[in-house]
Structure formats: structure tokens, C-alpha cells
Amino acid sequence: MKHVLLARVQDQPGVLNRVASLFRRRAFNIDSLTVGASESRGWSRMTIVVDATRTSARLVAANLGKLVAVEEVTDVTHLPTVARDLALIRVRCAPEERGPVHDLVAGFRARVADVGSDSVIVEAAGTEEDLDSLVKLLRPRGVLEIVRTGRVAMVRGGNNGTES
Amino acid sequence: MTGAEILWECLVREGVDTVFGYPGGASLPAYDALGRFPIHHVLVRHEQGAAHMADGYARASGRVGVAVATSGPGATNLTTGIATAMLDSVPTVFITGQVPSKLLGSDAFQETDVTGITLPITKHNELVTDVARLAPALREAFAIARSGRPGPVLVDICKDVQQARTTFEWPEEPARSGWTAPAPDKDQLARAADLIAASERPLILAGHGIVRAGASRLLTELAEKADVPVALTLLGLGGFPASHSLCLGMMGMHGEAYVNRAIQRADLIVALGMRFDDRVTGKLETFARHARKIHVELDPSEIGKNVPVDVAIQADVRETLSALVPMVPSRRHRAWLEEIAEGREDTRSRDLLHQPDDGRLYAAHVIRELWRATGGDAVVVTDVGQHQMWEAQYYPHERPRSLVTSGGLGTMGFALPAAIGAKMACPDAEVWVVAGDGGFQMTQCELATLRQENLDVKIAVVNNGYLGMVRQWQEFFYEKRYSATPLLSPDFAALAAAYGLPACTVASRSGMVPAIEAVRASAQGGLIEFRVEQEEAVYPMVPSGADISDMIRRPAPAQEATA
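These protein sequences, in sequence, are chains U and A.
Here the first sequence stands for residues 1 to 164, where the numbers follow the numbering used here.
Here the second sequence stands for residues 1001 to 1563, where the numbers follow the numbering used here.
Among the clues, some could well be false.
[Claimed, not checked] Computed footprint of chain U on chain A; a stretch qualifies when at least three of its residues, placed anywhere within it, have a C-beta under 8 Å from a C-beta of chain U: (1) 1111–1124; (2) 1244–1252; (3) 1288–1301.
I should point out that these hints are in silico values taken from the structure, not numbers from a laboratory.
Small disclaimer: the values here were computed from a predicted structure and weren't measured.
We put the CB at the ideal spot given by N, CA and C, even for glycine.
Construct the complete structure from the given sequences, taking the supplied hints into account.
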């Protein structure tokens, strides 16, 4: 089962290194880790997806919580969350196919972000499952390149998920 | 003030009066300012020694130990000692010089990425590139080293930061002080009390946390009130008086057979400030499988790491015990204690010290004689290996911090420098090094430090001509192929004499007492080399990864010996 941890961390050089080093040292298996600026200056927020069949999410959270630069860690797996993954997908696309590709990705609330002479870049945000389905549909056309951010998550409702 | 002055001023304000170090290019400004502050600097012969001295200082006293080194090789030489302090949760602060900030990342002379190298072996570390950050970083370093589960913190200070000037501002409170444990959970406390009340065969497993928290008295209260026997980890020795009728001694790989059997027979394990290390549990699947388990532990990441528990109390063990003792009913466990006592007799009969005299000198005799001579009251600092286990078995410790030993990392070369640190921290204590011939040679250069400081540290080198513990494993598990374990040593007494220390060599039982008494009487310490039986093994022994009751034991004696 995938566990989603949200961590509030100090925005300082080396913090990502500390987190990555911890995971490597403890042999924790991590599906994805995203980090970016938060609502407050000097603080970042991380979303970490752990495969809890191989690694205890509680131990990952407990170890993270011991890092001096980590303020708070919350396991939001069992809370209602909005969770999104952003993907950029370069698909082979002759000029006459642009219309069909446009229509196809529109069904996923995705859009064509860039048009080249024989390819387009599709920009899509959604759950991992949504994005996996989209990629599957695009495969026959020739998927040339994919970049994905990994999951970012936020607890629904009024609670920001990192305050108890 | 300059950064260099701020460094020492901060240390003074943290209560530091002794540091262990070695100067170099990147710490020249700091050393230049040192003489203006009331801090005694112990010049070591190798930075690993400085790290172990800071560690020994902290373990013997509970105060933060401090070591100082320069950049590059100075800092990398500290790492073995830093990792030793990390694995055993010893509050220490390491100060390293670093190349000027504008040269960082350029492979400048004696530059290494010290914060990178020490990241996994410190509780926290920081590279200081701005003098304004220096005082806050040091304030935080001491707070973090002490807080929660203590550990080493490293502050790497660029040379230009040491030279820069700023207005000194001492932060009243550190901005960051590391994590601390919550108060014990009331529901879990109640469940723990219920389990203890209902148990017929309870057993306390007590570890280093008892010593760290100063919870020995409360542990004794709990054990006596609920009539529960206490087994100790290596680092827990001294946390519960060895002479107490409820004290079983050490558990685990070289624990006595009746202790490990008690763990496997218990219906309740009360684990206090210990972390179920693999040297304690043996095979996890069969460890204490009939027992419910209560785990009182400061560090949340240790709970459920190796052994699943029924009641988890993440809190300070002292705070927990002071709440728990009044909740536990007074009761007796006569049948259970009698059962354990029967096993004790069997162990006693197999004990080397109860075998007929074969005229040979064994390490066990040496340790027992040291115990007798010192009245069990010395601070014993051991190295790592067979002699360390014999010390644990034959020198009963009555009080916390009277045994200083590297448990988690198992660092050979620890004893001599750690003993220097322990003696600096506790000048009135009788401090004994117990080391093997292998480990002693790793850091014997610190004999010069000992002399330079004119310290009264007493040294017993137990020489069996082998890297004994490795030899033992080769004997048991590699068909006696003694690969790279026979070891040539110098004449240790002559070596010590070269450093100006009183010294002698003992090769017989009758020689032990006069030699020990002579060194005890010496105000300059001294060294005794004991030439002991070469191929003696530490018994009993749980093979690595085996069930802890599945022990290799000393063969039972002939009938007349037991009579």
C-alpha cells in the first residue's frame, strides 16, 4: 500500500540531501519525493510516497521527524486529500494529427503545451492512475519523452494536513 | 569579537572547560585566540583520539564532550570517533576548521566536504560561512547534542569566519534544539501497569537509556516493588546494581545462559531504554516469543523497528518510571525467581573461575582480580573484543557510568583515549583501561597525551597474541583457520616505559596482585601487560543470527568439580 507523507521542512541548503541520505542509509524505498516552496517564507513542503509493503511508513515518518530541519511530518494516507502528479509528454504528431490529439487529451483535462513540426508536448495534471491511462492511450502514436513530478498532495477541507 | 573569540566564548558559556584537539592550517585563527579563554586544551596525537576522549569525557560525566580538529585530514580522522558517539548516543560537539568560504568547492588544500562526510554519523551538522551565524550555530549544536536522544553534532567553521569580526550576541535560547520526547501517554501507562500486575514471569530488560536518564533508583524501585528480575544490555551495565538480588547481569550474545533462557521463558518483557540490538535479540523470529512486550523508549524510530511491541511508551524513561512505579501493585514472583536461580547454579558450575586450578593465567582471572583490588569502584574503560566481554562478565558494576565501552560501533582503539577523557571528566575516580593487544596498538600513540597531561590512568593490556574475538569466530565457525589473527606486539611494558610510565609484565596468577597494587599506588598511573592464555574463548556465545537460548557453552565440568 502506498503511504503519503507530508513534511514541513526548513528551506535551507542541504535539506533535501539530508532527507535523501536518511532514506538511503535506512534502506527505505521511496516511490516519489517532491519538494517546493510553501506558503511561508523559509519553509518548504515535501510530499513523499512510500511503498509501505516494503517500508514501514511509521518508521519513515519517525526518522524524518528526528531531522533538525524537519518541523512536522504527517501521514495523510487515510485522510481525504487532493493528490496530483504533473506530466509533460512529448508525442509524435504529424500536423494533420494535431486535432485528434487535442481532442484525445481534452478528455483528461490535459492540454497541448507546445507544438513542434512533427511532435507536440502534452501537459497533464491528475492522479497517477489518470496519467498512466493517458500515457497508455498516447503510446500507439509514439511517446518520445516523459517527465513527471511525482505526487503532490494536500488535505481536503480546512485542515492543511500538517497541523494536528 | 572575531569569529575565533566567539567560538571559545560560546564554549565557555556552555560550561566547557576542557577540549581535546589538534591544530592545523584551517584552525589557526581559533587556536591563536584560545589562550585568552579559560579552556584547557588537551593536545592529542591523532584526531581519532580527540574524538574518543570527548566521548569518554561525556560518558563518564554526562556533560557534553568537545573535540576540535582542522579541515581535511584532521576532520576525516575524527569520523571513527564521531560514528562511535552516534551509535551509542553520546552528547558530543565536534568543531572543525574549514577552508575560507570563497574557496569552498574548489578542492583547495586540505578541503573536504566534512558536513557531507559526517551527515549520516551526526545527529546534526552545519557549515558556517557567515560569522553572524556562528554563535547561533554553536548554541544550537550544544542544545541538539543534549536533547532527546543525545548524539554528536559537528560545526564546520570556515577560516575567514574565524577571522571576521562582528558584535557578539549570545542567543538566550537556541532557535533549534532538536526533538524531545512527549510525556508518557496515560493510557499506555495504565496498560503497562496492568500487564505487569498480571504477569507471572516478568523480566525487565534495561539499557543505556537508564544510565542516560539517571533512572537507576527508579528502576530499582520498580524491580523491588513488582519483584521483577533485571537483565542488562552491555551499555546498561551499572544502571542497576550488579549485587542486587534481582540483577541477572548481561543478556544477549555473551550474556549468561540463564539470562537468555529467562528471556525466552518470560511472559512479559519490560524493555526500558534499550533498542533490541541484534547482539541482544539474536534471531528475531524466536526472540521472547511467549512474552507480551512493553517498550519504554525515547526515540520514536526505535519503537517497532526490530521487535513488535504490545505497549509502546515513547517518553523519557525516568519520567515514565516515576509515573509507573506508583501504578504497579506490590507482589512476589517466587516460583519464577527460583526457576531462574536454578539456571544460575549451572552457569556458576561452568564458570572458568570455578574450574580446578590448571596453573594458567586467563583473562577472566585478571578482570576478577582488578575488580577485587578496586573494590568494584573503578571507572573501567574497555576496548572492543574478548576482553570487553570478559570485563562485562567478571567486573560487576554497581553504579551508572562506571563502565565506558563502545557498544554499537564496537570501535577498537577506543579504550586508551576514552579513558583519558573519562579521567579529565572525573579526576577523583580511579580510571582503568582494559584493552586487548590488538585494540591497544590502534591508538597507543595517546600514551604521549597521557604523559603530557600527567594523568593518573591505569592500564591493563590483556595480551593473548591474537585478535582474539575474530580468532574465536574462526575457531567456532571457520574450522580454526586463523586467517590474519595472530598478532605480533611490542613489549608493552618497555613501550610504556619509553613514555615515562611505570610498567611491568605479568604472566602468572601469583604476579597479578602485586602488579595491580603497585599501579594502584602510583600517582602517575602505569601499565601492566598480562600475558594470558592464548586460545581461550568467551563463553557462552550465541552464534550470530541464532536463537538466543541456542548457546555455545563452556563444556560442563567433571562431576567432582561441581560437587
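Do the hints match the structure? See the list:
For the region 1111–1124 of chain A, the stated coverage by chain U is satisfied: 6 residues place a CB nearer than 8 Å to a CB of that chain, which reaches the threshold of 3. For the region 1244–1252 of chain A, the proposed coverage by chain U is not satisfied: 0 residues have a C-beta within less than 8 Å of a C-beta in that chain, short of the threshold of three. Given a C-beta distance limit of less than 8 Å, the hint that chain U covers the region 1288–1301 of chain A holds, as 3 residues qualify and 3 suffice.
The structure is inconsistent with hint 2 alone, although it conforms to all the rest.
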